[in-house]
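I would like the entire structure built from these sequences, with the hints used as guidance.
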Amino acid sequence: MGCGVFRAGETRPEHPAFPLPFGKQVTITSEFIVEPKNNHSISAVKFLDVNRYFGEVRAVDGVNLEVRDGEFFSMLGPSGSGKTTCLRMIAGFDRPTAGQIFLYEQDVSRLPPYERSVNTVFQDYALFPHMTVGENIAYGLMIKKVPRLEQSRRVEEMLELMQLSGMTGRKPAQLSGGQRQRVALARALINHPKVLLLDEPLGALDLKLRQQMQSELKAIQKKVGITFIYVTHDQEEALTMSDRIAVFNHGRIEQVGSPAEIYEHPRTPFVAGFVGVSNLVSGEVATRITGRPEPFSIRPEKIHLASQEENPGEDQYIVDGVVRDVVYLGLYTRYMVELEGGGDLVVVEQNLRTTSMDVLQSRGQPVRLSWHRDHIRRLGA
Amino acid sequence: MLSRISTYLFLRPRLVLLLLLGPPLLYMLVVYLGSLFALLVNSFFYLEEFTGLIVREFTLRTYALIFNPANREIFFRTTLMAAAVTVTDALLAFPLAYYIARFASPRLKTWLLIAVTIPLWSSYLVRVYAWKLILAKEGILSWFINLLHLNPILDWLLSIPAIGGSSLSLSPLGMFIVFAYIWLPYMIIPVQTALERVPNSLLEASGDLGAKPYQTFRNVILPLAFPGVVAGSIFTFSLTLGDFIVPLSLGNSKFFIGQAVYSYQGTGGNIPLAAAMTMGPVVIMVIYLLVARKLGAFDAL
Amino acid sequence: MRSKSYSGAQASWGLKIAAFLTLLFLHVPIWIIFLYSFTPDETTYTFPLPGFTTRWFGVALGRSDLWSALTLSLRVAAVATLAALVLGTLAAAAVYRSNFFGKESVSFLLVLPIALPGIVTGIALRTAIGGLEIPFSFWTIVIGHATFCVVVVYNNVLARFRRTSGSLVEASMDLGANAFQTFRYVIFPNIATALLAGGMLAFALSFDEVIVTTFTSGQQTTLPIWIFSQLTRPRDRPVTNVAALIVILITFVPIFLAQRLTAESSETGESKSG
Numbered sequence: 405m406g407c408g409v410f411r412a413g414e415t416r417p418e419h420p421a422f423p424l425p426f427g428k429q430v431t432i433t434s435e436f437i438v439e440p441k442n443n444h445s446i447s448a449v450k451f452l453d454v455n456r457y458f459g460e461v462r463a464v465d466g467v468n469l470e471v472r473d474g475e476f477f478s479m480l481g482p483s484g485s486g487k488t489t490c491l492r493m494i495a496g497f498d499r500p501t502a503g504q505i506f507l508y509e510q511d512v513s514r515l516p517p518y519e520r521s522v523n524t525v526f527q528d529y530a531l532f533p534h535m536t537v538g539e540n541i542a543y544g545l546m547i548k549k550v551p552r553l554e555q556s557r558r559v560e561e562m563l564e565l566m567q568l569s570g571m572t573g574r575k576p577a578q579l580s581g582g583q584r585q586r587v588a589l590a591r592a593l594i595n596h597p598k599v600l601l602l603d604e605p606l607g608a609l610d611l612k613l614r615q616q617m618q619s620e621l622k623a624i625q626k627k628v629g630i631t632f633i634y635v636t637h638d639q640e641e642a643l644t645m646s647d648r649i650a651v652f653n654h655g656r657i658e659q660v661g662s663p664a665e666i667y668e669h670p671r672t673p674f675v676a677g678f679v680g681v682s683n684l685v686s687g688e689v690a691t692r693i694t695g696r697p698e699p700f701s702i703r704p705e706k707i708h709l710a711s712q713e714e715n716p717g718e719d720q721y722i723v724d725g726v727v728r729d730v731v732y733l734g735l736y737t738r739y740m741v742e743l744e745g746g747g748d749l750v751v752v753e754q755n756l757r758t759t760s761m762d763v764l765q766s767r768g769q770p771v772r773l774s775w776h777r778d779h780i781r782r783l784g785a
Numbered sequence: 015m016l017s018r019i020s021t022y023l024f025l026r027p028r029l030v031l032l033l034l035l036g037p038p039l040l041y042m043l044v045v046y047l048g049s050l051f052a053l054l055v056n057s058f059f060y061l062e063e064f065t066g067l068i069v070r071e072f073t074l075r076t077y078a079l080i081f082n083p084a085n086r087e088i089f090f091r092t093t094l095m096a097a098a099v100t101v102t103d104a105l106l107a108f109p110l111a112y113y114i115a116r117f118a119s120p121r122l123k124t125w126l127l128i129a130v131t132i133p134l135w136s137s138y139l140v141r142v143y144a145w146k147l148i149l150a151k152e153g154i155l156s157w158f159i160n161l162l163h164l165n166p167i168l169d170w171l172l173s174i175p176a177i178g179g180s181s182l183s184l185s186p187l188g189m190f191i192v193f194a195y196i197w198l199p200y201m202i203i204p205v206q207t208a209l210e211r212v213p214n215s216l217l218e219a220s221g222d223l224g225a226k227p228y229q230t231f232r233n234v235i236l237p238l239a240f241p242g243v244v245a246g247s248i249f250t251f252s253l254t255l256g257d258f259i260v261p262l263s264l265g266n267s268k269f270f271i272g273q274a275v276y277s278y279q280g281t282g283g284n285i286p287l288a289a290a291m292t293m294g295p296v297v298i299m300v301i302y303l304l305v306a307r308k309l310g311a312f313d314a315l
Numbered sequence: 000m001r002s003k004s005y006s007g008a009q010a011s012w013g014l015k016i017a018a019f020l021t022l023l024f025l026h027v028p029i030w031i032i033f034l035y036s037f038t039p040d041e042t043t044y045t046f047p048l049p050g051f052t053t054r055w056f057g058v059a060l061g062r063s064d065l066w067s068a069l070t071l072s073l074r075v076a077a078v079a080t081l082a083a084l085v086l087g088t089l090a091a092a093a094v095y096r097s098n099f100f101g102k103e104s105v106s107f108l109l110v111l112p113i114a115l116p117g118i119v120t121g122i123a124l125r126t127a128i129g130g131l132e133i134p135f136s137f138w139t140i141v142i143g144h145a146t147f148c149v150v151v152v153y154n155n156v157l158a159r160f161r162r163t164s165g166s167l168v169e170a171s172m173d174l175g176a177n178a179f180q181t182f183r184y185v186i187f188p189n190i191a192t193a194l195l196a197g198g199m200l201a202f203a204l205s206f207d208e209v210i211v212t213t214f215t216s217g218q219q220t221t222l223p224i225w226i227f228s229q230l231t232r233p234r235d236r237p238v239t240n241v242a243a244l245i246v247i248l249i250t251f252v253p254i255f256l257a258q259r260l261t262a263e264s265s266e267t268g269e270s271k272s273g
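Which chain is which? The protein sequence lines are A, B and C, in order. Numbering of the first sequence is given in the numbering used here, commencing with residue 405 and proceeding in unit increments. Numbering of the second sequence is given in the numbering used here, commencing with residue 15 and proceeding in unit increments. Numbering of the third sequence is given in the numbering used here, commencing with residue 0 and proceeding in unit increments.
These are calculated hints, taken from the structure and not from any lab test. All C-beta atoms in this analysis are idealised placements derived from N, C-alpha and C, irrespective of residue type, glycine included.
In silico BS3-like cross-links for lysine-lysine, where the CA-CA straight-line distance does not exceed 27 angstroms:
#, chain 1, residue 1, chain 2, residue 2
1, A, Lys627, A, Lys612
2, B, Lys226, C, Lys15
3, B, Lys308, C, Lys102
4, A, Lys622, A, Lys450
5, B, Lys123, C, Lys15
Calculated Cβ distances over 12 angstroms to all of chain C for the following chain A residues:
#, residue
6, Glu470
7, Ser513
8, Asp647
9, Arg656
10, Gly661
11, Ala690
12, Asn715
13, Val731
14, Leu733
15, Gly734
16, Gly746
17, Leu756
18, Thr759
19, Ser760
20, Asp762
21, Gly768
FRET-style restraints, in silico, Cβ to Cβ:
#, chain 1, residue 1, chain 2, residue 2, range
22, A, Arg574, C, Phe33, 41 to 49 angstroms
23, C, Gly165, B, Gly224, 41 to 49 angstroms
24, B, Leu29, A, Ala502, 20 to 28 angstroms
25, A, Asp610, C, Leu73, 49 to 57 angstroms
26, C, Pro134, B, Ser277, 20 to 28 angstroms
27, B, Pro227, C, Pro47, 40 to 48 angstroms
28, B, Gly221, A, Ala608, 35 to 43 angstroms
29, C, Gly101, B, Asn233, 37 to 45 angstroms
30, C, His26, B, Met15, 54 to 62 angstroms
31, B, Tyr77, C, Ser97, 37 to 45 angstroms
32, C, Pro134, A, Ala502, 52 to 60 angstroms
33, A, Thr672, B, Leu29, 37 to 45 angstroms
This is the structure:
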């Protein structure tokens, strides 16, 4: 069965504080706390040539993947890219048409969901509407016939961990979106899953709450040390929370890597385009700038905008153009620059000294764009 | 043990589907479609007049029988009745449906919808019986007409051969009233649903463009409510076509389709003729449904 | 003021009156039944009533033919409802959870017995029963009733399935419950009121049915058949009045409860999504 993630029942003399983003610190007395470990040699989830077809549609098309123990792993991609299908296959709601899925070295491809020690936080939370918060959280324990007393003890603990104390008797319909989210999380975590799956769990929340929950989730993951697999279409979410990211497109994985790798070194035009904002330059324009026809990408924030008189150093690529459009965004300004001889680039500059009046006047001005040669990413065709 | 069965089934979704769908589908296919098929087959048999036995040979002679003048008249009379009832119900239904859809508050709306559906669900037979009481010669309606001194008009109506009779409770006119009453909820609900779907913004737009209220009503509301009327008419029309309770209770010797089917199979023992006769409403309804689908009625259901 | 906020206009008096009259038209005939069950008049339907009496209730209670008709109707309705609950729920579950070829036709097939005129179903069953030389019995009535009761349960349960979150079942299995535990703890509690509502409607539908029953009952007399025979050849007018009242009451109660059940659950459903 592989290696246990938890040290169940172990008690510690000192209880580390649990940092939560609500300005309150909660001390937990649970068996959740594990030693910070980087046991990345252990594979938590492994996909071996996994395919999933729905009729003619290849939802998942030959995916190979390894998620390491204790990782916060994100599956990023547009809708219909196969990321959710992959998640559902790990949970057991769906089965591969071909290929194998391993959970801590055990082939689970043909196991039903209730025989996998994996739990899921659903996009719509899927809280049982006819049960109270307490009954929802205790559901997994009730099924496992854990004694009543033990059930309520652990539920209380979870409630406190999730800052839901006093909510035990409420029905899901009486909770706010953020509270439902935390009940869903508690209901999953109380079972000590080896892997926690999260299917766009923050999608239904407003921006502020989402940002709060992002750091809260990350903090919880750090503390409990469970492998998190997080499905999202929001690249910012994936970049801020994950240890590693797999970028999905058309049922295939385009690239797997750390957020920095994905952002700084996109390996395919799709990744470059999907993760962050990126200028893709190819063909004639590429040749004019770099002297070679290979396509490349350059991030808008790496481009320096200057007047045409300025002469940047030897290690820079240079191209001239005219500012066609300016969007003032407070913290920074986005320029659309039409290049001489065709093509255009998006440039983002922080408004360190400039005001909105200044930047808006730059419309129609000739400019010189430059960036360090190391900042371009050459892309395979 | 249960867990083992559960897992066994989990890995075989097709088997689960079969287990779920099998019993109801089998029941409906064998009992219901089987019976309809038997009906169709029987309509191609015939009754040997002398022996009174059903001859199980393929023949079209039973179908030839239903086109004789007497039966043709029955079809014509029934269809005419169904059409009259449908038009009347559409007119009767509209004000209430319109009020529910556009003016009633959500709370009142819930109650009004219950008020409309309760007659629909409560005993059809008893409601027919109630009208027998109301329409009786010495009953409430006569009393009321007497009160208003309208007897001459009633007598004149009852003296018209096509619709009259000895009293309202024994005349095509009485039948018409009862049919219109019985099926009215079937018209109100789809019309209300269709009207409900007309967004307020559309009405405001029409008013904005200078249409007077009655113009908005004619040019915007009515066309949009029409699919609902067609949907409702499927019920009023079909139910009138096939009914035999009302004609048997309030009619005279002039038969309607349902009545004819009932008496052919019962006293006559002529199941083939009854079967062939039933194909009449089925064919009429299929045509009606096809037209209704063209008019967008199924979206309003 | 209340109605104003929903359309931006007040209904005209003409419309209000027309709507009110239509409502009266729908309901007054039912009240008439109540009225007439107290008439002392034995041979006609005279109005105004020549007096007031409750003696027909006693007479009706003493009539064994009425009692046996009532018990037969109740038994048929109970068994037909049970069959409809099982078959309708199975069909709804199948249609809800899977995609299969001909899925659309399942709903169509189930709705057919109430979409086609009752006489078609009736004469078709009569033909099949006659053709197979099956003797008329309690079961021939039940089989006929079940065909059109299934769709009522099916519609109610399917609507409930569609309103509850599809991931509830997955969530339950995810938390360790097998299919049977999931049914017991999650599916059943969520569809219970829909089953109750559908079951009560099916019961009312069956209890009251006369057209199909005419063709499948042979010589047996259900309560509606008894009333129908009185409609065509009135012999016991006062007793019929009481019988009609009984039918109204027995059908009204479950229908009213079913309405309340569906209304309540749809309200909570709305507040959930809102």
